[in-house]
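Model the full assembly from the supplied sequences, consistent with the hints where possible.
Residue numbers (my numbering), protein chains in the order written: chain A, 214 to 374; chain B, 214 to 374; chain C, 214 to 374; chain D, 214 to 374; chain E, 214 to 374; chain F, 214 to 374.
To be clear, the hints were calculated from the coordinates, so they are not data collected in a lab.
Just so it is clear, the structure is predicted and the values come from calculations on it, not from any experiment.
One thing to keep in mind: the hints can contain errors.
Same chains, same label: a pair holds when it works inside one copy or across any pair of copies.
For lysine-lysine, the following PhoX-like pairs were computed, each having C-alpha atoms within a straight-line distance of at most 25 Å [unchecked claim]:
#, residue 1, residue 2
1, K319, K228
2, K300, K319
3, K268, K319
4, K293, K239
5, K239, K228
6, K254, K345
7, K239, K254
8, K254, K369
9, K239, K300
10, K291, K345
11, K345, K268
12, K239, K291
13, K239, K268
14, K319, K345
15, K345, K239
16, K283, K319
17, K254, K300
Here are the chains, one letter per residue:
There are 6 protein chains.
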Amino acid sequence: MQVAVYPGSFDPITKGHLEIIRRTSKICGRLIVAVVDNPNKEALFTLEERLEMIKHSVEDLDNVEIDIFKGLLINYVKEKQVRIIVKGLRAVSDFEYEFQMALMNKSICGEIETLFMMTSPEYSFLSSSMVKEVVLLGGRVDDFVTPFVHRKIIEKIGNGG
Amino acid sequence: MQVAVYPGSFDPITKGHLEIIRRTSKICGRLIVAVVDNPNKEALFTLEERLEMIKHSVEDLDNVEIDIFKGLLINYVKEKQVRIIVKGLRAVSDFEYEFQMALMNKSICGEIETLFMMTSPEYSFLSSSMVKEVVLLGGRVDDFVTPFVHRKIIEKIGNGG
Amino acid sequence: MQVAVYPGSFDPITKGHLEIIRRTSKICGRLIVAVVDNPNKEALFTLEERLEMIKHSVEDLDNVEIDIFKGLLINYVKEKQVRIIVKGLRAVSDFEYEFQMALMNKSICGEIETLFMMTSPEYSFLSSSMVKEVVLLGGRVDDFVTPFVHRKIIEKIGNGG
Amino acid sequence: MQVAVYPGSFDPITKGHLEIIRRTSKICGRLIVAVVDNPNKEALFTLEERLEMIKHSVEDLDNVEIDIFKGLLINYVKEKQVRIIVKGLRAVSDFEYEFQMALMNKSICGEIETLFMMTSPEYSFLSSSMVKEVVLLGGRVDDFVTPFVHRKIIEKIGNGG
Amino acid sequence: MQVAVYPGSFDPITKGHLEIIRRTSKICGRLIVAVVDNPNKEALFTLEERLEMIKHSVEDLDNVEIDIFKGLLINYVKEKQVRIIVKGLRAVSDFEYEFQMALMNKSICGEIETLFMMTSPEYSFLSSSMVKEVVLLGGRVDDFVTPFVHRKIIEKIGNGG
Amino acid sequence: MQVAVYPGSFDPITKGHLEIIRRTSKICGRLIVAVVDNPNKEALFTLEERLEMIKHSVEDLDNVEIDIFKGLLINYVKEKQVRIIVKGLRAVSDFEYEFQMALMNKSICGEIETLFMMTSPEYSFLSSSMVKEVVLLGGRVDDFVTPFVHRKIIEKIGNGG
Numbered sequence: 214m215q216v217a218v219y220p221g222s223f224d225p226i227t228k229g230h231l232e233i234i235r236r237t238s239k240i241c242g243r244l245i246v247a248v249v250d251n252p253n254k255e256a257l258f259t260l261e262e263r264l265e266m267i268k269h270s271v272e273d274l275d276n277v278e279i280d281i282f283k284g285l286l287i288n289y290v291k292e293k294q295v296r297i298i299v300k301g302l303r304a305v306s307d308f309e310y311e312f313q314m315a316l317m318n319k320s321i322c323g324e325i326e327t328l329f330m331m332t333s334p335e336y337s338f339l340s341s342s343m344v345k346e347v348v349l350l351g352g353r354v355d356d357f358v359t360p361f362v363h364r365k366i367i368e369k370i371g372n373g374g
Numbered sequence: 214m215q216v217a218v219y220p221g222s223f224d225p226i227t228k229g230h231l232e233i234i235r236r237t238s239k240i241c242g243r244l245i246v247a248v249v250d251n252p253n254k255e256a257l258f259t260l261e262e263r264l265e266m267i268k269h270s271v272e273d274l275d276n277v278e279i280d281i282f283k284g285l286l287i288n289y290v291k292e293k294q295v296r297i298i299v300k301g302l303r304a305v306s307d308f309e310y311e312f313q314m315a316l317m318n319k320s321i322c323g324e325i326e327t328l329f330m331m332t333s334p335e336y337s338f339l340s341s342s343m344v345k346e347v348v349l350l351g352g353r354v355d356d357f358v359t360p361f362v363h364r365k366i367i368e369k370i371g372n373g374g
Numbered sequence: 214m215q216v217a218v219y220p221g222s223f224d225p226i227t228k229g230h231l232e233i234i235r236r237t238s239k240i241c242g243r244l245i246v247a248v249v250d251n252p253n254k255e256a257l258f259t260l261e262e263r264l265e266m267i268k269h270s271v272e273d274l275d276n277v278e279i280d281i282f283k284g285l286l287i288n289y290v291k292e293k294q295v296r297i298i299v300k301g302l303r304a305v306s307d308f309e310y311e312f313q314m315a316l317m318n319k320s321i322c323g324e325i326e327t328l329f330m331m332t333s334p335e336y337s338f339l340s341s342s343m344v345k346e347v348v349l350l351g352g353r354v355d356d357f358v359t360p361f362v363h364r365k366i367i368e369k370i371g372n373g374g
Numbered sequence: 214m215q216v217a218v219y220p221g222s223f224d225p226i227t228k229g230h231l232e233i234i235r236r237t238s239k240i241c242g243r244l245i246v247a248v249v250d251n252p253n254k255e256a257l258f259t260l261e262e263r264l265e266m267i268k269h270s271v272e273d274l275d276n277v278e279i280d281i282f283k284g285l286l287i288n289y290v291k292e293k294q295v296r297i298i299v300k301g302l303r304a305v306s307d308f309e310y311e312f313q314m315a316l317m318n319k320s321i322c323g324e325i326e327t328l329f330m331m332t333s334p335e336y337s338f339l340s341s342s343m344v345k346e347v348v349l350l351g352g353r354v355d356d357f358v359t360p361f362v363h364r365k366i367i368e369k370i371g372n373g374g
Numbered sequence: 214m215q216v217a218v219y220p221g222s223f224d225p226i227t228k229g230h231l232e233i234i235r236r237t238s239k240i241c242g243r244l245i246v247a248v249v250d251n252p253n254k255e256a257l258f259t260l261e262e263r264l265e266m267i268k269h270s271v272e273d274l275d276n277v278e279i280d281i282f283k284g285l286l287i288n289y290v291k292e293k294q295v296r297i298i299v300k301g302l303r304a305v306s307d308f309e310y311e312f313q314m315a316l317m318n319k320s321i322c323g324e325i326e327t328l329f330m331m332t333s334p335e336y337s338f339l340s341s342s343m344v345k346e347v348v349l350l351g352g353r354v355d356d357f358v359t360p361f362v363h364r365k366i367i368e369k370i371g372n373g374g
Numbered sequence: 214m215q216v217a218v219y220p221g222s223f224d225p226i227t228k229g230h231l232e233i234i235r236r237t238s239k240i241c242g243r244l245i246v247a248v249v250d251n252p253n254k255e256a257l258f259t260l261e262e263r264l265e266m267i268k269h270s271v272e273d274l275d276n277v278e279i280d281i282f283k284g285l286l287i288n289y290v291k292e293k294q295v296r297i298i299v300k301g302l303r304a305v306s307d308f309e310y311e312f313q314m315a316l317m318n319k320s321i322c323g324e325i326e327t328l329f330m331m332t333s334p335e336y337s338f339l340s341s342s343m344v345k346e347v348v349l350l351g352g353r354v355d356d357f358v359t360p361f362v363h364r365k366i367i368e369k370i371g372n373g374g
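This is the structure we're talking about:
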């Protein structure tokens, strides 16, 4: 596994994402965290803010780089001449969706493999949308994101508690 | 289980909700049916109408009271100094979502437990949104809600059939 | 199984739908492909376009006819005096939703049965919404739909590749 | 659906089996309840006893007949020149196993279709093995089987309560 | 929830069981850990050894007592005049099995409720049989059981590492 | 991914196993197919026969080697100083079991990662035990295994059909 792509919206990056990035970076030569730029999908943070938060979170990892992609993930991966997509699985519902995506991607480009890693149990409930929902309802999320991301969330929405 | 909270939107209350309320009220000292007041989430019935329908449905249950909460459920439960949240489970998809919510709540406040009860099989397909969908498409729902709620639905949308 | 109804949005019809139609048409006397006309649900293709694509895809099947329904499927099926609804199952998530729909339909009209068929594994990831998503993101979908439907998609959105 | 096969061990036949048989018999011309004769699989009741209990349970259904098969179900169905296998689905675990069996059967003989029917919710927990387990542990099962089958179970193991 | 029963084989008791016992003991008046005495089911530890390990693990919990039951759980709970059974849920497969058991129990005795609690994520993979499998294959299990239970396992099978 | 281990019983190796081996061998430096030697688990083929069938199936793959392990997989992988275990996922039931195994392995040795690959849909129903069951019931399995393995099965049990 020389090069792998870890794609996502990262709106914002959570400790669950970070755990997958750290574990993957140890078993591959180079890991590209690929942030989707989808103007049709509403996001809490701008693309720049999301990139900044990821950069801050992975700056100690030498073989991790950050990139942006538009359009179909499989096309981006093909252009990059990468062979491996890495995804985290938390639960059965993830599994089904990712199963279908992996099969469709395999059917579009048979050369590219999607490899799945089980999220650590302590992050099995964690997602960017849960973090945002909790914040918007007035809850604290400092256990679920890094202090830097936490500050950015407070700047954005409030709820420093 | 002295006091328990049964939270929901109840838009409107169905026989499935009522079954969980009745069964829970028999094994706890006091049960608070907690209706979420979320102005961002579109509802068919106003908060007042939802409260009225619940009140009418549980008036024979002495130890059941009705309340309203805003924001994060776990914060509301903590303020009320209640230790137990009760939820009904109908199917695997419920299970996964509720599992994640229970873990997140546990992570936010370790003192509060979520207890799950299996919905009776005859209501395993029933949800407020299914009731609304069926009514809007011209179907009858008198088997799924109480006669009082049924009248309220007809007043609201029609379809008395 | 003299007459059966295969309902759906078919926006657009995929090879997965076609496989269910072909297999079902071999074991029943007459199969009605029933396209839902739901003005509240946004569709990529107009009702007429969807009908045209289905008609083109099944024209070699003598015992398959195409119809339109409004409102609740179960009411349409009852009016048609048909006893059987046919649905394809791809995955556990389908199963749960369809289970609930079948139980609700059974509870509304006990005379009508829903029969399920497993989608062929090579189409287990395929859905109209996946096709549309791939096209909108710049991917090719010629393996997932017939050439006629592919042309219609290109006329509509582009991406002839 | 002129002829269909409903296969199983029926050790013993439960009200869940009977419900599928009754519902299927109404939508097909002829239904063959096919009891597997597998000397390698331990059963509580002999093949003759199982046949007797089924016969007694379906004697009012004119288009239902009972048969025995050995070996692979798909071979039996092919020899009988039947095109349809009917199975009941109770839960996700059934779904996965039956999905795999249906795909394997389809791969062995593409002409034969397996159609699935959702078990009524009140029997969604019911299986022959649960019935036997409950009886062996001293519980009552008269709600889960017909009175005739109940008597046979008592003759066999006891527990008339 | 004045009195609740937490049933199981506890062969041996794991940290996953203990977590459910501790959490439940905090929200109920009295908790009975009920160990099944099933001579037909092969166990690694004798009933006495299993009781000893539980006793040692819960001795600091004043409102937890230990009992033995034979036959059907629901009959035992009824005789004890308890209304609540508590079970831990780890995963979807647990959910389905426990769902069916809860429905069957409800159908046998409508007065008794089964309440489910989600196992902490760090024990979501843990079961007595996994512990035994790991030990028999030469692995260490000191993270999964208490030191006392660990010693008992080593006395029984070896593998002190 | 320099070196990876693909563990299993391979009793016998199926086309589903082979597909995972081929796909994995293309994205890693070296792949070790590790056959478990478990005298307590009954197998149709001896260890030597299983090794021979694997060897014959992968002889064109330069970077694939075959090995035997006893005891706990995680211990074997650690001794080999490998960091990656590869597993195929076919369905939700696989997912749950493998999820629990991966978490337990991670808990025993945090350095070793399990990566999952989705089995191709056309093999999603295939397992060694299904192959054996079909053969024993008199069915043909030449589509599910290589011709060489097929001959070995016929030599062992018969059913050349």
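Problem - Numbered hints the structure breaks, given as an ascending list - result: As far as the earlier hints go, 3, 7 and 15 are violated by this structure, in ascending order.
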